[in-house]
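Engineer: Note that the protein sequences, when read in sequence, are chains C and E.
At position 140 of the first sequence (counting the first as 1) the number is 140 in this note's numbering, and the numbers step up by one without a gap.
At position 447 of the second sequence (counting the first as 1) the number is 447 in this note's numbering, and the numbers step up by one without a gap.
In short, the hints are calculated from the structure, not lab data.
Bear in mind that the values here come from a model prediction, so they are computed numbers and not experimental data.
For glycine and all other residues, C-beta sits at the position ideal for the given N, C-alpha and C.
It is possible that part of the hints are untrue.
[Stated by the list, open to error] Stretch by stretch, here's where chain C covers chain E in the computed footprint (C-beta under 8 Å, at least three residues):
(1) 206–216
(2) 290–297
(3) 312–319
[Claimed, not checked] Lysine to any residue pairs mimicking SDA-like chemistry, simulated, CA-CA at most 20 Å apart:
(4) C:132 <-> E:221
(5) E:387 <-> C:290
(6) E:378 <-> C:203
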Amino acid sequence: MNIILPLAIIAGVLLFLTVMSAGLIWLERRLLALWQDRYGPNRVGPFGLLQVIADMIKILSKEDWIPPFADKTVFVIAPAIIMISAFMSFAIVPFAPGIVIADINIGVLFFLAMSSLGVYSVVLAGWASASKYSLLGGMRAAAQMVSYEVFMGLSLMGVVALTGSFSIGEIVEAQRHLWFIVPQFAGFLIFFMAGVAETHRLPFDLPESENELVAGFHTEYSGMKFGMFFVGEYVGITLISALITTLFFGGWLGPWLPPVVWFLIKTFIFICLFILLRASFPRPRYDQLMFLAWKIMLPLSLLNIVITGAIVLATSK
Amino acid sequence: MNGPDVIMELRSRFGDHDLTPQTTQDGLPTIWVPKEKVHGVLRYLNCEAIRPYRTLYDLTAIDERVREHRQDQPDSDFTAVYHLLSYERNEDIRIKVALKGEYPSIPTATDIWPSADWYEREVWDMFGIKVEGHPNLRRILMPPLWKGHPLRKEHPARRTEMGTFHLPVKKDEAEEQALKFRPEDWGMTGLRDGVEMMYLNLGPHHAGTHGILRIILVLDGEEIADAVLDIGFHHRGAEKMGERQSWHTFIPYTDRIDYMSGVLNNFPYVLAVEKLAGIEVPDRAKVIRVMMSELFRIISHLVYYGTFAQDIGQLSPVFFTFSDRERAFDIVQAVCGGRMHPSWFRIGGVAQDLPNGWDSIMRDFLRYLPARLDEYDKIVMQNAIIKARTKDVGVITLDKAIEWGVTGPNLRACGFEWDFRKKRPYSGYEQFEFDIPTGTRGDCYDRVAVRVEEMRQSMRIIEQCIENMPAGPYKSDHRLATPPLKDNHTMYDIETLITHFLNVSWGPVVPPGEAAFGVEGAKGNNTYYLVSDGNTTSYRTRIRTPSFAHLQTVPMMTRGLEIADLIAIIASIDFVLGDVDR
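One chain only, chain C, in its complex shape (with noise of 0.2 Å):
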């Protein structure tokens, strides 16, 4: 048996996003300042690169700072957990045909359910920090992502019953004529709005709600502790936008570009979205985000899976 070649698939995945993460720091702040009139960080290197040496050099070098009163323990986990799920799900997104840490026959739910993990950093942060600003977000937090967890996970049945596996692989393979994003239109929208909502951006950042909260669940923390919740977050909106290729745009297939490089470029323009609707959008009130979720979102999530049924069933005799 080889190992050399998942071993270095792991590494190879680890280490791009590691460098993903930090990159995106640099091209959030970087594309951000050009749709608001301004440059961001271009002092540091050729277009500002370096500034992301520069930043990992100031979180790494932070004192790390446990408030007394909080707990400790629990306190120190939390970021970890986030980190650790984002990196987990990564191990079932297929680069490209074999470069894939491990293709499962049950890869949609062994991602569903480390995003459902997710949560419980965030939950345990706004717990332990024995802040009243972290604990109203982490609040916030708990009942929007379990909210939204529910129709994520509905939301991707009508792409699972057309190709008829969990497999991501077989996914991507069932998608050689047509992208899903065509018979799952709804089904893409719901899970993209689901994903902004699982990584709490804007518009759906309500845990964080820097105007409201501070900084939510997060408001005690510092160095590198912040930091994973930074990484943890950058990971996460990569994987919501790998996801999204993987699954409604056709993954690793187009034409004459390596089926890696058509990955990457699909993803990146997701990357780009996610950052845009940061420069966008306001932010909707608690309330309002949970009509969304449970009044819109729900219904429609079912009435996609009831029809991708029916014609599935149609067309298949």
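Please arrange chain E on chain C, whose structure you already have, making use of the hints.
Structural biologist: This is chain E only, laid out in the frame that chain C set:
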């Protein structure tokens, strides 16, 4: 003149010999009322009078103990001054109460106007005048453990007069303890239906409060059951400084009251001084003042617009509006030399004439801004989430607004077309064509919409200023205009030289008297009430600011809403802490 009517009315009702009228330089009906009768008089004016005075515009006091020029005024150690406003009459009345003794007292007016609450606490805090029957008489601007009452004449104005400052640990701890919120002080139990509520200390350092403001929230989940505002962290003693600085050198301090709107703060101050001194300002100076004021109105509203969107969670507009504001500041810089705080108005005119080419840079800006405002309409005002967050949130009815002393754009958002520039034109505003935008619902959305439209109207006014800028001097040749123009007043003989020298070095001596002047500021009505004792400094400078009154309405507006709504509300009422705490 309607002025004496109300005085006659009051005297015939409450007795001739008790109520003494006083003539002031601003022509505002002023009457002295004995302390026993003041509550009845106030109640009569608010409730029973035909066309009542429904707004407590201002309430302050004067320490009269060392004042020399008090002709035909009743004997008094301290004087409480009520300034009432009647929209029906378009008229004000000033009611003065003579108080005797070192630490006198006045009856509370909180049962007539709930807005009297903060004003009476300020009177207690600043003068040590007790307010009988006030529900919670405690310091409002000064720290809770402060010794003395700053606006009393015996209180030092300078830090150096107060001796060496020590802060031993004990004192530090005591100060901190004193700031601690005790619900029972505010008549709160902390329980609702037997369930314990959460207290959330929002501020003094918080991203959503636009400065150092502390809000103590009583929360049931995320629902706000009650809110208590703690202000005073930005208090710089501007009114006390007014008693120390010369009439001329106080101008830069006014810039920093509402620090977003520069010369708009100079405006009511210099107009009040000119009333006292009897200076007639030349036409060119009037139009220049109007033009720069309207430019600063736009500047202030741009900041408001951007930060409002920011508080709803929209990140980008604040950068757009700030870069527009930079362009406006470039004009301010070209004209005045300064940017945010140019301190450019002078007693009797403005500091310099307009520079060459002022009209072309101004026109460039007027060509540039409308397209940007249209774009912001699309990204902010027409955004569905913004609408969902702000429509029918933080509603204040017109009646409540009038009762609480809400003025300016916030009052107009309730659907009431009232603007000092139209109703009581000053500095030639009657000659300009412009509309007064109003809202209908008095909610957060309308408050923004009114200000957005006001920017367009301000551009109209500026355009008319450019088209019709009169020729002539930029400053009056009155001998009290400061600094005096050289050509007429010096270098002729030794007498004029000495006058000029004294006016520049000591500053002008303004004849004794009292005058208040209110203008339509960017945030609401801003009034300076000046008392001169025939000296080079003011005897009493009272700054009535809109933000103070507006902020007081926040707890009323937020009860039953959520934290996110509170942030939307305080973003929409447009206050700055400099304007609240002075």
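Engineer: Next, verify each hint and record whether it holds.
Structural biologist: Quick rundown of the hints versus the structure:
1. With a threshold of 8 Å between beta carbons, the proposed coverage of the segment 206–216 of chain E by chain C holds, since 3 of its residues qualify and at least three are required.
2. Under a criterion of three residues with beta carbons nearer than 8 Å to beta carbons of chain C, the stated coverage of the segment 290–297 of chain E fails, only 0 such residues being counted.
3. Note: the segment 312–319 of chain E has 6 residues with beta-carbon separation from chain C under 8 Å; the three-residue rule is met and the coverage holds.
4. For the suggested pair residue 132 of chain C and residue 221 of chain E, the alpha carbons sit about 11 Å apart, so the restraint of at most 20 Å is met.
5. For the suggested pair residue 387 of chain E and residue 290 of chain C, the alpha carbons sit about 17 Å apart, so the restraint of at most 20 Å is met.
6. Among the hinted pairs, residue 378 of chain E with residue 203 of chain C is consistent with the structure: their alpha-carbon atoms are about 17 Å apart, no more than 20 Å.
When the structure is compared with the earlier hints, a violation turns up for hint 2 alone.
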